[in-house]
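Engineer: One-letter residues, chain by chain:
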Amino acid sequence: AQKVTQAQTEISVVEKEDVTLDCVYETRDTTYYLFWYKQPPSGELVFLIRRNSFDEQNEISGRYSWNFQKSTSSFNFTITASQVVDSAVYFCALSEVGASGTYKYIFGTGTRLKVLA
Amino acid sequence: DVKVTQSSRYLVKRTGEKVFLECVQDMDHENMFWYRQDPGLGLRLIYFSYDVKMKEKGDIPEGYSVSREKKERFSLILESASTNQTSMYLCASSLAGGSSYEQYFGPGTRLTVT
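Top line first, the protein sequences correspond to chains U and V.
At the far end of the first sequence sits residue 150, using the working numbering, and the numbering has no gaps.
At the far end of the second sequence sits residue 569, using the working numbering, and the numbering has no gaps.
Worth flagging that the hints you see were computed from the coordinates, not collected in a lab.
Cβ coordinates follow ideal geometry from the N, Cα and C atoms, glycine included.
Careful: at least some of the hints might be erroneous.
Stated by the list, open to error - Some chain U residues near chain V, calculated using beta-carbon distances under 7 Å:
1. Y66
2. F68
3. P73
4. E77
5. F80
6. R83
7. V118
8. Y138
9. F140
10. G141
11. T142
12. G143
Based on the provided sequences and hints, a complete structural model is requested.
Structural biologist: Dropping the structure here:
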């Protein structure tokens, strides 16, 4: 069955520290997509990145970077030099076409990141 | 910018009431979704729609129904609200193309059923 695991429920770091949020997924499909979303205290989820299963290149966007490894079914997210504005809940998500041809969207339970000044 | 709006940020209803949650998107997206978000459970898909009048059950459709009469609007209906439906409800939309596109979310409706 499809599953997304974010084992870290809550992480606290001091400003300027680097932090990595873990995401492990399970799927039987060869074609799937992985996403990261940020949910700030205001509540609205914001899309951060999408990766398809055929593209294992790591990506860097400013202080954010993502490491996709199919061999370990992981799609980890690192924030370099964290800032207080990075405080939020971060969700990892998996989407694919299920066996019956319907779409499946599975979110992890989220990791709450607290960046302390 | 994609804009997804939800009719209410906070809603308080009584057990047994019929509840309508409305969602509107302004980017001509084909797909629309309803999720509920509960502490420790993340987001769980209730229903989604890939076209007008089309709908698919998600993981937890029991106790809910949906309506999509116009492309931009997707309504979630609680036929007879119960206390276990107290939750945060999130609407989202995305382009067509199956599961490949990112979703854009509304601000959420926090529903309390007493």
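Engineer: Taking the earlier hints as the rules, which of them does this structure contradict?
Structural biologist: Result: hints 3 and 7 break, sorted rising.
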